[in-house]
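So the protein lines, in turn, are chains R, C and P. The opening position of the first sequence corresponds to residue 1 in full-length UniProt numbering, with each subsequent residue numbered one higher. The opening position of the second sequence corresponds to residue 1 in full-length UniProt numbering, with each subsequent residue numbered one higher. The opening position of the third sequence corresponds to residue 1 in full-length UniProt numbering, with each subsequent residue numbered one higher.
There may be inaccurate statements among the hints.
[Said to hold, decoys possible] Facing chain R, a subset of chain C residues (Cβ under 10 Å, in silico):
#1 S23
#2 S90
#3 S91
#4 V124
#5 T145
#6 T147
#7 A220
#8 L260
#9 V264
#10 Q287
#11 N301
#12 L303
[As the list claims (entries may be wrong)] Coverage of chain R stretches by chain C, computed from C-beta distances (three or more under 8 Å per stretch; other residues unrestricted):
#13 55 to 69
#14 210 to 223
#15 231 to 244
#16 346 to 359
#17 384 to 398
#18 575 to 582
Worth flagging that the hints you see were computed from the coordinates, not collected in a lab. Since we're looking at a predicted model, the values are computed, not measured. Beta carbons are placed, not taken as given, at the ideal position from N, Cα and C, and that holds for glycine.
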Amino acid sequence: MRAARVLLRPVGFAGFGLLTLVLLAAAFGPVLWGGRAAAVDTGNLLAGPSAEHWIGTDNLGRDLFARVLVAARLSIVLAVAATAISLVLGILLGAAPMLLGRRLGRLVTSAVNVLVAFPGLLLVLFFAVVFGVGARGAALAVGVAGAPAFARLCHTLMAAVSERDYIAVARIAGVSRIRVLLRHVLPNVAEPLIVNATMAAGGVLLTFAGLSFLGLGVQSPSYDWGKLMQDGLNGIYVHPLAALAPGIAVVLAGLAFNLTGEAFAAVFGLGDLPGGARSLEEPREPVAATPAVPGTVLSVEGLRVTIPGPAGPIRAVRGVTFALSDGEAVGVVGESGSGKSLTALAVAGLIEPPVRVEADHLLVAGEDLMAAGAHRRLGTSLAIVFQDPMTSFNPAHRVGPQLAEVSRFHQRMGRKAALARAVDRLRAVRIREPERRARQYPFEFSGGMRQRAMIGMGLMGDPRLIIADEPTTALDVTVQRQVLELLAEVRRDTGAALLLISHDVSVVTDVCDRVLVMYAGRVVEELPAKDLRTLARHPYTRALVAAVPDMDTDLSRPLAVIPGLPADPVHVPAGCAFAPRCPLADDHCRAVAPALVAGVACHKSTEVPV
Amino acid sequence: MKIPTSGRWPRFALRRAARLLVSLWVLVTAAFLMIHLVPGDPVRAALGPTAPADLVLARKQELGLLEPLWRQYVTFLRHLLNGELGVSISSRLPVGETIAQRLPATAQLAVAAFLLAVAVAVPVGVVMAMLTRRGRGRRTELAFTGTNVVVGAIPDFLLGVGLVYLLAVQTHLFPVAGRDGLDSYVLPVLALAIGPAAVLSRIVRVEMLAVLETDYVRTARAKRLTSLRVHLVHALPNAVTASLTLGGLLLSSLVAGTVLVENVFAWPGLGSSIVSSIVAKDYPMVQGTVLVYGAGVLLVNTLVDVVLALLDPRSAIGES
Amino acid sequence: MSTLSFHDVRVRYGSHTVLDDVSLEVADGQTVGLVGESGCGKSTLARAAVGLAPLTGGQILLDGRPVPNRGRRPVQMVFQDPYSSLDPRMTVGESLAEAMPERLGRTARQAEITRLLALVHLDAARAADLPVRLSGGQRQRVALARALAARPQVILADEITSALDVSVQGAVLNLIRDMRRDLGLSMLFISHNLAVVRYVADHVAVLHNGQIVEFGPTAQVLGAPRHDYTRHLLAAIPGAVPLKEQT
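Let the hints inform the model, and build the full structure from the sequences given.
Structure (structure tokens):
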């Protein structure tokens, strides 16, 4: 049970502990201390703390400690009742678009949007006028005033769930609206709703205290914590504890609800970003700088990338070695989880702790990345194109200045000169009207245009190497082709080498001279791109090529299928990672991992008929 | 996907103005209906069960409650356009006059507290995000979120009481109550600002952490800029934009928060008068004060949206 | 199985025309491929057929009668994202049972679930699993099984393999071909990938800017295209024509 895990966290434990205490006080307070709290002691009016009265007495000599404990019940009951009113009204209003249909629903939603703009306290005061002063009026006022916020929350949550395809599927299958709401929508928004209701109860408790404190809530002779505070404030000079003690009770009770909510949120995965990942940082061994081999723009030896995870470290890249000569184009293909993108990011020096990058040797664009200070020089010698052009530009800045920044920062150009270069580079990547475009924001560019601008950004310096991580995956085929052609042209003009990461075998064979095939964090085969379809020796490479239909696939036969699932990076098998899915595997394969020898990492490569 | 750029601002202005007007209309109508929503006879309730029947009738006549509802509504709107808010039942003074007298004190308090909260929250949130990013500084994070939750859970009026006790009753550093000289502002402003500052700094931190994980920050790092530049030029504007949306809500709740804090410090603002008028069932006074508070909140929200649109032009287009 | 026909279907959102007088027929037992680039209206056409997108004009008929857009549709749809198309809180068996046309007794229901899972080559034990425990390919098979559970006359498959890894995609495509052969399903198969469509479809329709620019037998449309746009699409496929550097 996931909910039980709440107790295992310090926050959850503290929250639940406090909440239990508060609820116990609410349940048994009046029974146990009711008499004491009402007993008038005329000899001890407004007394300070003593052994008999721990925090003193009030103006009738009644014991304040007992009164604080007794007040718990009314405070909690009112808070919970008001929260329940808010929640029920909120769900009804929030579900209106689903229940009433589009038009009426939209009306309700916009009404809620108007109401939600007003702060809760103002609404509470408004409804306090309508429902009148007193405990019941205040509960109604707080409850109704809290409804718009809950309605907004419900609406947002439900709208998110409604967009999921399973709702469309249920509707197509003829499931009624009410049933869709009850079976599919509510269960999937229940967790965040419960969390928010718990936290809201804490807030409502404070609001109530505020109302009673103002004299609009609970009236004499009843009392809750706010009323006790109001009574105490007048005597704050002589008897500060009388005002502070109920205040502390309110804060503790509020905290109890808040912390419990927070703990639930963390367990349900609604909270902050993953905090569970512990840093694996270790002192890095100094590696002797290897002199660059002339003509090599990228040289990687024994690259390892490790991601800390709850089930132990994930070894996503497990010793990758390769090199690129000047002007060469090399492709890396593999399925998701093969480690190809992490390899590219590691080579680009863009992986941050707690993910750990190690290598025996990592030389990029003539810079030893394992040495200090090398990164900055990559600003002009390394160009990078990322997968998603829609999110790779900063939405808050115009496109031109984003390009110009490279020259201003690395080449110490003035603002004007750098912007002129940016416009020139945009023209170079065939963006029409570059002067106008440079003044636009990224959201005004189409996907293909952004990817061109991204390439243009790489051209602001004088790149020796371009790393492109799935640069066309998010694009349509016709746009994909234009971007690939642009990359080829840039290579011809600048003589830069290209490292192209892609899941698409055809893209890689189109653009690259050489191909690396990755599986489960290792390079399993390395071969000339033109031989990929015909001369591959690794069973995985061959299966990968055969599984993808192309325009010449034989229609009379079923497609080749790779049995089983891709290797789980948390539990990579001991021997060859592909062995569990390989028709040729034997015990030796399952026990000993094959090394990459003569372009292939397979014990059986000689048995594969070419 | 072409988005026409010309006419973006006029359309944004038009839409935003329409929303403001609709909200104002809702506010005005709600304020008008308030007295009619009160169960029973509101005037009788205000004057007490012992008041003679002809006094109640006269007062009803004076408030226009004997007219048909639509006529009352029209009169109400006409008076409102002329800036007339009616006459207080208890003090017999024009409501507009009382409000004009008390509004500056409240506005000063709210604005000062908001500026203080933002000035503290943004740097704290950003620094905390940088220190605790990706599982670094676990202890700092725990200390920060811990204090944050606790401070955020203390309501402003209680903070006020606590501050009065510590800094006024015990040490006599600042006056206990009243509005008299600069040092009388310190405690109320602190009481109002601390809670929102805690909440806002938490929001800024979370937004900053989210922004630091985006693709465009990776792009900025790929440009090999200094870490300071990546954080301040590329991450901060986006994090602040995102925080501002919630910051606006915070500011308006701060406007309302003055009600409680003013009562703690006997501050001569609108907050103390609205409470006494609710208790005294002085409906014209409550009506006027609610209108002023509500309009203030709506103006703040509009202002926030405009600032947001200037900082992040996408928000001027979106919302569709 | 039956014939699904679109007659001058028009869909507009505000001033934006998504589909402009589209006419198309999915004949009995046929698989028709619908290709085009993102935003051309492919998905909207399918969504219109099951009542998820409102028609501005035209008709969608099933065997000559309008497709009902309330209650259980005789046309079922399978979506692109296998992680969004199964309710995370319902077991595979519950999801399948919900789609069944009539309420069955416990044993009959179990038998039907087992039969459906077998159709998509899944083990009957999977019925008790929540979707979290399934891989993307397995989820997509469950989605297909659920569509079959409603005993549809036509199935609409919207980019059902594009979210899958290449090694898994092949298995799902084989399954689609088996199902058509064994069950005689009529199907509208939507994809941006021409090679995939070529592999599963008898006929192909090319959609461009909300209009069908070419329709015909697969071999003819993809082998000897008549419309410029079809040629343009074919030329853009990686590996089709050597890359030329722009000049």
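Hints and how they fare:
Using the Cβ-Cβ criterion of 10 Å, the hint placing S23/C at the interface with chain R is satisfied: the shortest such distance is roughly 5 Å. Among the interface hints, the one on S90/C is violated; its C-beta lies about 15 Å from the nearest C-beta in chain R, farther than the 10 Å criterion. About 18 Å separates the beta-carbon of S91/C from the nearest beta-carbon of chain R, more than 10 Å, and the hint is not met. Residue-level restraint check for V124/C is violated (minimum Cβ-Cβ distance to chain R is 16 Å; threshold 10 Å).
With a cut of 10 Å, the hint placing T145/C at the interface with chain R holds, because the nearest CB-to-CB distance is about 8 Å. Checking T147/C against chain R: minimum C-beta separation of about 12 Å lies over 10 Å; hint violated. The interface hint given for A220/C holds, since its Cβ lies 7 Å from the closest Cβ of chain R, which is under the 10 Å cut-off. Given hint, L260/C at the interface with chain R, holds; its Cβ is 5 Å from that chain's nearest Cβ, closer than 10 Å.
With 10 Å as the threshold, the beta carbon of V264/C comes within range of chain R, its nearest partner Cβ sitting at about 7 Å, so the hint holds. Evaluation of the Q287/C hint against chain R yields a held restraint, the C-beta minimum of about 9 Å falling below 10 Å. For N301/C, the interface hint holds, the least distance from its beta-carbon to any beta-carbon of chain R being 5 Å, beneath 10 Å. A hinted interface residue such as L303/C counts as satisfied when its beta carbon comes closer than 10 Å to some beta carbon of chain R; here the least separation is about 12 Å, so the hint is violated.
Check on the stretch 55 to 69 of chain R: 0 of its residues sit with their Cβ under 8 Å from a Cβ of chain C, so the three-residue criterion for coverage is violated. For the stretch 210 to 223 of chain R, the stated coverage by chain C is satisfied: 5 residues place a CB nearer than 8 Å to a CB of that chain, which reaches the threshold of 3. Residues of the stretch 231 to 244 of chain R lying with their CB closer than 8 Å to a CB of chain C number 6, which satisfies the three-residue condition for coverage. Given a C-beta distance limit of less than 8 Å, the hint that chain C covers the stretch 346 to 359 of chain R holds, as 5 residues qualify and 3 suffice.
For a cut-off of 8 Å, the count of residues in the stretch 384 to 398 of chain R with a CB near a CB of chain C stands at 10, and the three-residue condition holds. Check on the stretch 575 to 582 of chain R: 0 of its residues sit with their Cβ under 8 Å from a Cβ of chain C, so the three-residue criterion for coverage is violated.
Violation of the numbered hints given earlier is confined to hints 2, 3, 4, 6, 12, 13, 18; the remaining hints are satisfied by the structure.
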